[in-house]
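Undergrad: Mind docking chain B on chain A? Use the hints.
Read top to bottom, the protein sequences are chains A and B.
Residue numbering for the first sequence follows this note's numbering, starting at 1 and increasing by one per position.
Residue numbering for the second sequence follows this note's numbering, starting at 1 and increasing by one per position.
What the hints contain is simulated information worked out from the structure, not anything from laboratory work.
Hints are supplied without guarantee of correctness; some may be wrong.
Some, not all, of what chain B presents toward chain A, calculated at C-beta under 7 Å [unchecked claim]: (1) 20; (2) 44; (3) 47; (4) 48; (5) 50; (6) 51; (7) 65.
Restraint-style ranges between C-beta atoms, simulated for each label pair [to be verified]: (8) 17/B to 91/A: 25 to 35 Å; (9) 42/B to 354/A: 28 to 38 Å; (10) 268/A to 81/B: 56 to 66 Å; (11) 152/A to 40/B: 20 to 30 Å; (12) 394/A to 30/B: 55 to 65 Å; (13) 8/B to 203/A: 57 to 67 Å; (14) 55/B to 211/A: 41 to 51 Å; (15) 77/B to 45/A: 50 to 60 Å; (16) 150/A to 58/B: 54 to 64 Å; (17) 202/A to 30/B: 53 to 63 Å; (18) 58/B to 98/A: 24 to 34 Å; (19) 77/B to 63/A: 18 to 28 Å.
27 Å max Cα-Cα, derived BS3-like pairs, lysine-lysine [claimed, not checked]: (20) 58/A to 36/B; (21) 40/A to 152/A; (22) 123/A to 82/B; (23) 40/A to 30/A; (24) 122/A to 13/B; (25) 122/A to 60/B; (26) 222/A to 272/A; (27) 88/A to 58/A; (28) 58/A to 17/A; (29) 13/B to 58/A; (30) 17/A to 215/A; (31) 292/A to 215/A; (32) 382/A to 292/A; (33) 82/B to 60/B; (34) 82/B to 36/B; (35) 62/B to 123/A; (36) 70/B to 36/B; (37) 284/A to 272/A; (38) 123/A to 60/B; (39) 246/A to 152/A; (40) 403/A to 246/A.
By construction, the Cβ of each residue, glycine as well, lies at the ideal position given by its N, Cα and C atoms.
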Amino acid sequence: MQRVVITGVGIYSCLGKNLDEVKDALFQGKSGVILSSERKAFGYRSGLTGWVDEPDLKDELTRRQRMSMSEQSKYAYVATKEAFQNAKMDQDYIDSHEVGILYGNDSSALAVVEAIDVIREKKDTTLVGSGSIFQSMNCTVTMNLSTIFRLKGVNFTISAACASGSHSIGMAYFLIQQGWQDAVLCGGAQEINLVSFGNFDGLGAFSIREDEPTKASRPFDKSRDGLIPSGGAASLILESYESAVKRGAPILAEVVGYGFSSNGEHISNPNKDGQIRSLNMALKQADIQAKKIDYINAHATSTLVGDAFEAQALGEVFAGLNTPISSTKSMTGHECWMAGASEVIYSLLMMQNDFIAPNINFENPDEASEKLNIIAKTKEQKIDHFLSNSFGFGGTNSTLIVKRV
Amino acid sequence: MIMTMTDDQIIEKVNIFLAEEFEINQSLISPSASLKDTLDLDSLDYVDLVVIIESNFGFKVKGEDFVGIKTFQDFYNYVIAKLNAN
Numbered sequence: 001m002q003r004v005v006i007t008g009v010g011i012y013s014c015l016g017k018n019l020d021e022v023k024d025a026l027f028q029g030k031s032g033v034i035l036s037s038e039r040k041a042f043g044y045r046s047g048l049t050g051w052v053d054e055p056d057l058k059d060e061l062t063r064r065q066r067m068s069m070s071e072q073s074k075y076a077y078v079a080t081k082e083a084f085q086n087a088k089m090d091q092d093y094i095d096s097h098e099v100g101i102l103y104g105n106d107s108s109a110l111a112v113v114e115a116i117d118v119i120r121e122k123k124d125t126t127l128v129g130s131g132s133i134f135q136s137m138n139c140t141v142t143m144n145l146s147t148i149f150r151l152k153g154v155n156f157t158i159s160a161a162c163a164s165g166s167h168s169i170g171m172a173y174f175l176i177q178q179g180w181q182d183a184v185l186c187g188g189a190q191e192i193n194l195v196s197f198g199n200f201d202g203l204g205a206f207s208i209r210e211d212e213p214t215k216a217s218r219p220f221d222k223s224r225d226g227l228i229p230s231g232g233a234a235s236l237i238l239e240s241y242e243s244a245v246k247r248g249a250p251i252l253a254e255v256v257g258y259g260f261s262s263n264g265e266h267i268s269n270p271n272k273d274g275q276i277r278s279l280n281m282a283l284k285q286a287d288i289q290a291k292k293i294d295y296i297n298a299h300a301t302s303t304l305v306g307d308a309f310e311a312q313a314l315g316e317v318f319a320g321l322n323t324p325i326s327s328t329k330s331m332t333g334h335e336c337w338m339a340g341a342s343e344v345i346y347s348l349l350m351m352q353n354d355f356i357a358p359n360i361n362f363e364n365p366d367e368a369s370e371k372l373n374i375i376a377k378t379k380e381q382k383i384d385h386f387l388s389n390s391f392g393f394g395g396t397n398s399t400l401i402v403k404r405v
Numbered sequence: 001m002i003m004t005m006t007d008d009q010i011i012e013k014v015n016i017f018l019a020e021e022f023e024i025n026q027s028l029i030s031p032s033a034s035l036k037d038t039l040d041l042d043s044l045d046y047v048d049l050v051v052i053i054e055s056n057f058g059f060k061v062k063g064e065d066f067v068g069i070k071t072f073q074d075f076y077n078y079v080i081a082k083l084n085a086n
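Bound conformation, chain A alone (with noise of 0.2 Å):
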C-alpha cells in the first residue's frame, strides 16, 4: 500500500485568485458573498451568490483549447496550473508519465441552455457551434484539463452532488494507493452563471438576508436561513510518497482517511447515520481515534436541518472532545461540486499557517449546535489532523482525513 500525499493545490474562488489571497481571506474573516441585482432581476428568489471573475485566457490558452471550454473550466483551468507549478510538476515529467485527473462536476446549465435557444431560434443544430457540446457536459472540467495539459492517466469525472469534490480526492487517494496511479490532479469546479441555479433556487433553500449579504452564511447560528451559492475551482495533486520524494517535490501534508455512504433515504433531507458511518469509516481507514482530529471543516451550508443534522452527527462522533469545528461556507457560500476539494485546500493552509479560520456570523447557537466548538473568531492553532465533511443531494457522504507530514 503506498502512501498518499499532497504535493500541490490551487484555488481560484470568491476568498481570492490565489493561494495567497485565499489564506489572507481566511485568517480576516473575509466573506466573499454578494447581492446580484441581475439574479434578481431574473427571477431569483435570492439574489445573493459567492462571486468570482471570469478569467481571460485569450493570452496563454489557443482559440481551439478556449472554445471548449465551459465557465468553471476556465477556473480549473487557472487552480491546475497553480497546483502544478507548486508541486513542480512541469510539462515535461507530465508528458513522459501517466498523470491522472479525476475531478469533481456535477452540472453544466449555460452551454445547454445557449445550444437549445440557437436550435429553437434557427432551426439547424450546426449553428450551435464546435464548442458547446465540449462546454455541456458533465465531463467538460475533465475533458478540457486532460486535453490542455497532455495527461495520460486515468481520466474521468466524478458527479456526486456537493460531495462531488471530495470524493475526487478520495477516488484518487485509492488508486495511488492501490498502486494504480502514480500521481492524480483531482479537484471540483462550480459554475455561478445565471442560469446555473435557477431551480436550486426555486426550493427555497437560498438565505434571503439580502440587506446584509456578508452576514448571510451563517452555518450553526440560530438564526440561519438557507445556504448561498458560490463557485470557482479547486485543484490538487495527489501523488505517491515514493513519486513525491522521487522527484524531489514539496509534500504539503498526507491523506490518511477517506470515508463515505449513501443514505439510502430521502433525495434532499440529510441523515445522521449515513454521516455517522462516513465519519466512523474515515477514522477506521487512518487508523486514528477521534480525539487525534484538531480541527474539523464542516460541511454546514446554512441550512436549518442540514447544520443541525451535522451537529447532531459530530456531537455523537466527537463526543466529549470540545473538537474546534469551523464551517468556512460562512465565508464563502457554498461552493456546491467544488466544495469538498476547495475546503480540503482551506484547512490545509490553516494547517500551514497554524490558524483556524473563523465560522463568521455565528453569533447564537442552536439546540444542536450548542454542544459543539465552533470557533466563530480566527484562532491560532497548531493542526496535525484535520476532517472534513462533504455531503450532497441522494445522500452522499464523503469525509477526508489529513494529516501534516
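TA: Then chain B, alone, in the frame of chain A:
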C-alpha cells in the same frame, strides 16, 4: 445591405471576420493561400465556419460545400456566388 455589396466589399468583410474568428493576422490572407493551412482549421473549425457565415451573410452552408474550397479565392467565389444567387 448585403445585396448591394460589391465583390471587393464582400472579400474585405470575409477577410475581417476570418481573421477575427480564427485569431490570425489579416496580412497572412491572400487569394492563393490555403484556407485550411492559413487558418489552421481542424474538423471542428469547419462547424464554426458555418456559424460565422450564417451570422455575417445570413445563409447556411452545408458541410459538403467545403470539399471544393481550397484557397481563399475559392472561398470568396463560393460566398459571392451564394449571395448573388440569393
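Undergrad: For a quick check of understanding: which of the numbered hints are violated here, in increasing order?
TA: 1, 7, 9, 16, 18, 21, 31
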